[in-house]
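Using the sequences and the accompanying hints, generate a full structural model.
As given, the protein sequences belong to chains A and B, one line each in that order. Just so you know, the first sequence maps onto residues 2 to 390 in the numbering used here. Just so you know, the second sequence maps onto residues 2 to 390 in the numbering used here.
Please note that the accuracy of each hint is not assured.
Identical copies look the same in the list; a pair holds intra-copy or inter-copy alike.
Cut-off 25 Å, straight-line C-alpha distance, at most; resulting in silico cross-link-like pairs (DSS-like, lysine-lysine) [to be verified]:
#1 Lys69 <-> Lys59
#2 Lys349 <-> Lys334
#3 Lys235 <-> Lys118
#4 Lys154 <-> Lys199
#5 Lys11 <-> Lys334
#6 Lys27 <-> Lys11
#7 Lys334 <-> Lys27
The set of hints was computed from the structure by calculation and includes no laboratory data. It should be emphasised that the depicted structure is a prediction, and the values quoted were computed from it without experimental measurement.
2 protein chains.
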Amino acid sequence: MGSIDTSNLKIGFIAGGQLAKMLIQKASQWDLETYILDPDNRCASQGLTNHFMQGDFKDENTVYNFGKQVDILTFEIESINVNGLKRLVKEGVKVIPHPDILEMIQDKGLQKTFFEKHHFPTAAFRYFDDKSDIIKSINEGSLTFPFVQKARKGGYDGRGVSIIHSQNDLENILDTPSVVEEAVSIAKEISVIVARNKQGEIQSFPIVEMIFDPKANLVKELACPAKISIEQEKKARDIAHQLIEKMDMVGLLAIEFFIDTKGDIFINEMAPRPHNSGHHTIESNITSQYEQLLRAVLDMPLGSTKMLSPAVMINLLGDPNHEGAVHYENLEKVMAIEGAHVHLYGKKITRPFRKMGHVTITDNNLENALAKAEKIHQLLKVTSWKTDR
Amino acid sequence: MGSIDTSNLKIGFIAGGQLAKMLIQKASQWDLETYILDPDNRCASQGLTNHFMQGDFKDENTVYNFGKQVDILTFEIESINVNGLKRLVKEGVKVIPHPDILEMIQDKGLQKTFFEKHHFPTAAFRYFDDKSDIIKSINEGSLTFPFVQKARKGGYDGRGVSIIHSQNDLENILDTPSVVEEAVSIAKEISVIVARNKQGEIQSFPIVEMIFDPKANLVKELACPAKISIEQEKKARDIAHQLIEKMDMVGLLAIEFFIDTKGDIFINEMAPRPHNSGHHTIESNITSQYEQLLRAVLDMPLGSTKMLSPAVMINLLGDPNHEGAVHYENLEKVMAIEGAHVHLYGKKITRPFRKMGHVTITDNNLENALAKAEKIHQLLKVTSWKTDR
Numbered sequence: 002m003g004s005i006d007t008s009n010l011k012i013g014f015i016a017g018g019q020l021a022k023m024l025i026q027k028a029s030q031w032d033l034e035t036y037i038l039d040p041d042n043r044c045a046s047q048g049l050t051n052h053f054m055q056g057d058f059k060d061e062n063t064v065y066n067f068g069k070q071v072d073i074l075t076f077e078i079e080s081i082n083v084n085g086l087k088r089l090v091k092e093g094v095k096v097i098p099h100p101d102i103l104e105m106i107q108d109k110g111l112q113k114t115f116f117e118k119h120h121f122p123t124a125a126f127r128y129f130d131d132k133s134d135i136i137k138s139i140n141e142g143s144l145t146f147p148f149v150q151k152a153r154k155g156g157y158d159g160r161g162v163s164i165i166h167s168q169n170d171l172e173n174i175l176d177t178p179s180v181v182e183e184a185v186s187i188a189k190e191i192s193v194i195v196a197r198n199k200q201g202e203i204q205s206f207p208i209v210e211m212i213f214d215p216k217a218n219l220v221k222e223l224a225c226p227a228k229i230s231i232e233q234e235k236k237a238r239d240i241a242h243q244l245i246e247k248m249d250m251v252g253l254l255a256i257e258f259f260i261d262t263k264g265d266i267f268i269n270e271m272a273p274r275p276h277n278s279g280h281h282t283i284e285s286n287i288t289s290q291y292e293q294l295l296r297a298v299l300d301m302p303l304g305s306t307k308m309l310s311p312a313v314m315i316n317l318l319g320d321p322n323h324e325g326a327v328h329y330e331n332l333e334k335v336m337a338i339e340g341a342h343v344h345l346y347g348k349k350i351t352r353p354f355r356k357m358g359h360v361t362i363t364d365n366n367l368e369n370a371l372a373k374a375e376k377i378h379q380l381l382k383v384t385s386w387k388t389d390r
Numbered sequence: 002m003g004s005i006d007t008s009n010l011k012i013g014f015i016a017g018g019q020l021a022k023m024l025i026q027k028a029s030q031w032d033l034e035t036y037i038l039d040p041d042n043r044c045a046s047q048g049l050t051n052h053f054m055q056g057d058f059k060d061e062n063t064v065y066n067f068g069k070q071v072d073i074l075t076f077e078i079e080s081i082n083v084n085g086l087k088r089l090v091k092e093g094v095k096v097i098p099h100p101d102i103l104e105m106i107q108d109k110g111l112q113k114t115f116f117e118k119h120h121f122p123t124a125a126f127r128y129f130d131d132k133s134d135i136i137k138s139i140n141e142g143s144l145t146f147p148f149v150q151k152a153r154k155g156g157y158d159g160r161g162v163s164i165i166h167s168q169n170d171l172e173n174i175l176d177t178p179s180v181v182e183e184a185v186s187i188a189k190e191i192s193v194i195v196a197r198n199k200q201g202e203i204q205s206f207p208i209v210e211m212i213f214d215p216k217a218n219l220v221k222e223l224a225c226p227a228k229i230s231i232e233q234e235k236k237a238r239d240i241a242h243q244l245i246e247k248m249d250m251v252g253l254l255a256i257e258f259f260i261d262t263k264g265d266i267f268i269n270e271m272a273p274r275p276h277n278s279g280h281h282t283i284e285s286n287i288t289s290q291y292e293q294l295l296r297a298v299l300d301m302p303l304g305s306t307k308m309l310s311p312a313v314m315i316n317l318l319g320d321p322n323h324e325g326a327v328h329y330e331n332l333e334k335v336m337a338i339e340g341a342h343v344h345l346y347g348k349k350i351t352r353p354f355r356k357m358g359h360v361t362i363t364d365n366n367l368e369n370a371l372a373k374a375e376k377i378h379q380l381l382k383v384t385s386w387k388t389d390r
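Right, here's the structure in full:
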């Protein structure tokens, strides 16, 4: 901790998207010197970071060369070359979370094996090498519909996941090493973000509920606190605390859970970094997820995760019919809504469904916050000045 | 407002100290492109701004040349060359607040005349041209002890103010054009920050009380809400609203008041910019003073100033016995206190009494927050790694 107060502590973030941007907004409050590695020199955090390096974080030497400039390295994305990170650890750079943890999480198969080995509740699963392997099991009758296929590597934001309901969906089977899970009858999806520091202190945030648009089958908004029973809340937080401890992980871990129609809780997957389901903590908790990660990487005491008020968070996605220089319609009307906190990531070009920003709505009453969110859904559109495609 | 959503709106701040830094932290949330003018290329906001220009904001051409680069210009300091700002207004740059208002506020004599003309309560006063003019009035018996002398121009942070109790203090009389006020028997000092936008909407923040260290006679901490009567609160907020309206001002105005031993309220002085007495709003109010100023300059609806929790703010001043590369003692112990929000401005060198940062303590109970502040006063010292002088 000593060196933080000389204002000379150099902290590196791999990838410069919105999560890194919000990390830097907080890091600047403590006067840390920030470094970003990203292939895109117009990424969200490019204008805010003290130092920017353009490069591919999937390349070992690029990761290594970037990391050699800093004292502490952390990340906002999973798909990083782990060998580069491991070389840095050997040479004394503090990489948090540890690359071994990232390596395990990068492979959904290893994640599932870890859950099973340590008796964490997760849907039953099998490994498959490729598409033909899956087809063979279906034909033999050892694999029955419906099931969920998850690519072992490279998936995120719903990509790399295929739900196979019947013979008619066979064309959607991914031809890659994968994990195939029993399809759980999902009643709710929730998320817990938990942090752990070097001293072993653990803190988790109040539970967030993902609310789906029944028509589009997309996450419409996230609400905190989740509408679940006290027992379910306790169980999910207990699992989160046990999981981060069992992994002996320092850093921030976001865990997504299913609750099935019987009320049982299953771990879906996890991410060792700040998470979309924690954006609202900037305004609605004493400590935000971003500050919490910085506290963990700096060997600081963790902050209180107490809720200041309920919150709803909606992602601002690029309108499906627009592409080009971004325009936020009705922004000023949204800004007039009490407790609406607008975050624009600074991506200059909108594309269909691209995450361009988010709005967190805080209100002492969650139902009011949900009603305000509905109004914002109606008002705010991310379109393009230039062209309707 | 239209151009904000192209991410191409350029906003300039004159001076790059901690107030500008906190403005930029918020501006980055809306993806505004930020420009700073400051003589010091190691100023607090240098590393965070998109564009930095080193230069003297007391020089007309420097101000003009800086302002020509931006769409909107605002400031965090009063001592700016007003002619430069006026030329910019003539050429279509949006300068907020208007330079005429800054010009009036730069001169404590014009401020007092404005208060008097519009019947705002302020201590009785007279103008003097120089020291000999004051001595003459004392000798003639038309000016009696005790009195307060304020330099008409250039004073800030207590500089440019002299309290003359008796003949023994004559050497402390400033030899400059000044305003001399009747010494009010001060029971309390409070501050109100009020904002107004182009549409004429007005919002003020809950009132802040300055708490003095009785020994050092310095502001020890600021607390919100102030411990005053409901009538006093209403009166101070009413004055603030009337004052910003009467000035026809767009922007943020901080007004410092005295409450005398009879309970009457007097305006002490005002500043047309974010203010030390509003730092806590970052964590303790729905909208911070920084966001409120940005909303006003962007012609946005003003934000809600509702308090989320009581707050105490303490300035981190350089220890009187240290100068050199800064070191914050016991920072990690302070970070362990629930609701302690540490802000380090990033000044590399500490000097006696230099403002190096602040800590805001939020707590549902103001007395608890004050107790935590006391603990932080004991713990946190701003010293130097290198040398005790």
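Against the structure, the hints:
{"no.": "1", "hint": "Lys69 <-> Lys59", "result": "within (16 Å within a copy, 42 Å between copies)"}
{"no.": "2", "hint": "Lys349 <-> Lys334", "result": "within (22 Å within a copy, 42 Å between copies)"}
{"no.": "3", "hint": "Lys235 <-> Lys118", "result": "within (22 Å within a copy, 64 Å between copies)"}
{"no.": "4", "hint": "Lys154 <-> Lys199", "result": "neither (29 Å within a copy, 53 Å between copies)"}
{"no.": "5", "hint": "Lys11 <-> Lys334", "result": "between (40 Å within a copy, 22 Å between copies)"}
{"no.": "6", "hint": "Lys27 <-> Lys11", "result": "both (14 Å within a copy, 23 Å between copies)"}
{"no.": "7", "hint": "Lys334 <-> Lys27", "result": "between (27 Å within a copy, 19 Å between copies)"}
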